[in-house]
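Number of protein chains: 2
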Amino acid sequence: MKTAELSEKILSGDRRALARAITLVESGRDDHRVAATELLDLLAKSGRQALRIGLSGTPGVGKSTFVESFGMMLVAQGLRVAVLAVDPSSARTGGSILGDKTRMEQLSRQKAAFIRPSPSQTNLGGVARRTREAVALCEAAGFDVVLIETVGVGQSETVVAQMSDLFLLLLAPAGGDELQGVKRGIMEMADIILVNKADGDLKSAAMRTCADYSGALRLLRKRPQDPEGYPKAQTVSALQEAGLDSAWADMKTLVEWRQDRGHWSGTRAEQARYWFAEDVRQALLARLKTPWAQGRMTELSDQVAQGAVSPTAAAQEMLKGLGVAG
Amino acid sequence: MKTAELSEKILSGDRRALARAITLVESGRDDHRVAATELLDLLAKSGRQALRIGLSGTPGVGKSTFVESFGMMLVAQGLRVAVLAVDPSSARTGGSILGDKTRMEQLSRQKAAFIRPSPSQTNLGGVARRTREAVALCEAAGFDVVLIETVGVGQSETVVAQMSDLFLLLLAPAGGDELQGVKRGIMEMADIILVNKADGDLKSAAMRTCADYSGALRLLRKRPQDPEGYPKAQTVSALQEAGLDSAWADMKTLVEWRQDRGHWSGTRAEQARYWFAEDVRQALLARLKTPWAQGRMTELSDQVAQGAVSPTAAAQEMLKGLGVAG
Chain L
1 MKTAELSEKI LSGDRRALAR AITLVESGRD DHRVAATELL DLLAKSGRQA LRIGLSGTPG
61 VGKSTFVESF GMMLVAQGLR VAVLAVDPSS ARTGGSILGD KTRMEQLSRQ KAAFIRPSPS
121 QTNLGGVARR TREAVALCEA AGFDVVLIET VGVGQSETVV AQMSDLFLLL LAPAGGDELQ
181 GVKRGIMEMA DIILVNKADG DLKSAAMRTC ADYSGALRLL RKRPQDPEGY PKAQTVSALQ
241 EAGLDSAWAD MKTLVEWRQD RGHWSGTRAE QARYWFAEDV RQALLARLKT PWAQGRMTEL
301 SDQVAQGAVS PTAAAQEMLK GLGVAG
Chain A
1 MKTAELSEKI LSGDRRALAR AITLVESGRD DHRVAATELL DLLAKSGRQA LRIGLSGTPG
61 VGKSTFVESF GMMLVAQGLR VAVLAVDPSS ARTGGSILGD KTRMEQLSRQ KAAFIRPSPS
121 QTNLGGVARR TREAVALCEA AGFDVVLIET VGVGQSETVV AQMSDLFLLL LAPAGGDELQ
181 GVKRGIMEMA DIILVNKADG DLKSAAMRTC ADYSGALRLL RKRPQDPEGY PKAQTVSALQ
241 EAGLDSAWAD MKTLVEWRQD RGHWSGTRAE QARYWFAEDV RQALLARLKT PWAQGRMTEL
301 SDQVAQGAVS PTAAAQEMLK GLGVAG
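Residue numbers (UniProt numbering), protein chains in the order written: chain L, 1 to 326; chain A, 1 to 326.
FYI, nobody ran anything at the bench for these hints, they're computed from the structure.
Certain hints may be false.
The list treats identical chains as interchangeable, and a pair is accepted whether it falls inside one copy or across any two copies.
As the list claims (entries may be wrong) - Straight line, CA to CA, 27 Å or less: simulated DSS-like cross-link-like pairs of lysine-lysine:
#1 Lys320 x Lys45
#2 Lys320 x Lys2
#3 Lys320 x Lys289
#4 Lys2 x Lys222
#5 Lys9 x Lys232
#6 Lys289 x Lys203
#7 Lys45 x Lys222
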């Protein structure tokens with residue numbers, strides 16, 4: 001299919017064209033990259049924007065159930081919802097956090113919903129660019145909300161936060177007074193913390209955990225992009241579909257406040273700058289990703305660790321091998 | 001002076017030779033880099049190691065007074081102490097956190113002490129490598145303790161922690177129940193938190209602040225390189241020279257525990273691997289540091305922020321200009 005034709009179909013809301021375009025941006029082939037860039041340039045002219053919601057949570061907090069319930073609620077309100085994933089683990093396991101669509105059984109059957117599993121990639125940099133491009137494709141396809149989910153591992157939250165308008169952190173009720181070891185850096189990215197499983201036996205534990213996080217959030221530095229009372233923590237039950245409407249109301253309040261004050265467009269502009277610089281950096285560092293370079297890096301790193309050679313001397317050796325002046 | 005001669009003088013403890021060698025590693029000239037690498041290789045054979053203590057604290061917490069009192073205590077115990085600095089702000093201001101030696105009046109006059117101001121550099125990567133090399137020079141010169149101090153700004157703590165055996169965080173007593181906005185990531189790096197100014201009117205505030213941090217440290221994940229009770233918080237008064245002996249005793253306890261269990265050498269090996277990989281990455285990214293590249297990056301970044309061009313397309317444009325395939 002010609003790029004122009006694919007573009008037209010995506011703009012008209014053709015789901016198969018969208019799926020095909022995402023496959024295109026995920027491809028590592030050079031001719032595919034050229035076509036993908038052309039396609040994204042064409043689609044950018046539509047100027048369509050969705051609300052991009054980043055969602056992070058460790059395995060077991062009920063992320064899939066939340067996406068299912070929250071997504072169904074949005075669809076019931078007449079909104080079109082796309083779900084994408086950034087999964088740093090899929091590179092290793094070959095698996096995918098959204099591979100099992102049966103976990104979002106209802107949502108995956110909705111015409112107004114589009115669920116796309118995380119691609120298997122060899123590095124987070126690659127996953128980031130492809131997901132960012134998939135978000136742009138979903139926006140052009142007319143979705144109102146794009147949910148970008150990730151597991152709470154390593155730097156994937158930063159990646160997702162850098163492409164989201166809102167960042168949600170989903171947590172499970174904690175036993176005791178421990179804050180689940182959530183890194184402060186992650187908390188500082190969150191706009192809304194949702195303590196899930198506020199149902200049945202866990203309800204009171206969820207409320208206590210929520211109160212703990214509310215307290216912890218108050219200790220954080222105030223951010224210019226937040227109105228009074230944000231970031232906030234609240235309880236939800238994805239299973240019982242409780243608290244989702246109030247969480248959605250909070251998200252809308254936050255979005256409106258930011259749009260009125262220019263933070264919305266300001267953040268998007270900063271994110272675009274970030275991704276531009278990041279793309280350039282990743283391309284320069286790509287020389288370390290070849291099999292030869294990876295093997296040589298490991299060899300030299302082992303020698304450095306054993307004290308056989310200094311980091312400086314090993315680096316010069318490596319750069320010589322790459323044909324770069326040290 | 002020949003490199004071999006300089007090496008001999010440093011090994012014999014000649015302070016002027018040491019100062020000269022640090023100037024050499026700080027130089028950006030190509031022939032100086034070659035000589036510096038040669039020198040470091042020669043000196044590495046001595047196998048001498050100092051205790052490397054990283055010290056971070058924001059301006060006003062009394063860092064200079066602490067270094068003066070703590071350094072004088074170590075000198076009184078017959079130890080030789082070198083003080084280096086990583087100052088990310090000096091690149092901008094041209095100033096230097098250790099430029100004013102009069103703030104360490106006694107220590108700077110000791111024969112067993114060596115104080116070296118932070119070099120003015122254009123980027124933290126460069127400062128990091130040069131400081132790391134200065135540490136190696138001080139070790140070869142026979143110092144027992146190398147204090148590497150930094151201000152609590154940006155990523156300079158990470159840089160210092162990655163070249164230290166122990167990382168100290170110096171804090172001032174806080175008013176109220178607020179944890180001074182210390183980022184959790186910084187707290188997670190600290191081995192010992194020292195609440196300074198536990199004297200006069202501030203004594204009880206210092207004790208309260210110390211209790212707050214003790215509580216916060218207990219919420220952190222346990223690290224394999226820590227014995228029971230670490231990381232810990234304690235009060236000191238650099239002014240009244242109080243608590244310094246107990247802090248030093250704690251440091252020695254921690255160091256012995258880590259040496260006995262292999263964490264000491266394990267951490268040093270990991271740090272060497274880190275710096276090797278970092279040197280290689282920095283050299284690859286150096287192509288973005290030329291005046292032309294910086295100017296072009298700014299231009300393209302502005303276009304991206306205005307939405308005139310996509311991050312992907314702008315990155316390809318930039319890479320074309322650098323002669324790199326996108």
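Results of checking the hints against the structure:
In the homo-oligomer, the alpha carbons of Lys320 and Lys45 lie at most 27 Å apart only across protomers (24 Å), although the nearest pairing inside one protomer, at 44 Å, exceeds that limit. Taking the shortest alpha-carbon separations for Lys320 and Lys2, only the inter-copy value of 26 Å comes in at or below 27 Å, while the best intra-copy value is 43 Å. Proximity of Lys320 to Lys289 under the C-alpha cut-off of 27 Å is found in both arrangements, the shortest distances being 16 Å within a copy and 20 Å between copies. Proximity of Lys2 to Lys222 under the C-alpha cut-off of 27 Å is found in neither arrangement, the shortest distances being 49 Å within a copy and 56 Å between copies.
For a Cα distance limit of 27 Å, the shortest separation of Lys9 from Lys232 qualifies neither inside one copy, at 40 Å, nor across copies, at 61 Å. Neither within a single protomer nor between protomers do Lys289 and Lys203 lie at most 27 Å apart by alpha-carbon distance, with minima of 48 Å and 54 Å respectively. Taking the shortest alpha-carbon separations for Lys45 and Lys222, neither the intra-copy value of 36 Å nor the inter-copy value of 51 Å comes in at or below 27 Å.
In the structure shown, a violation is registered for the earlier hints numbered 4, 5, 6, 7, in ascending order.
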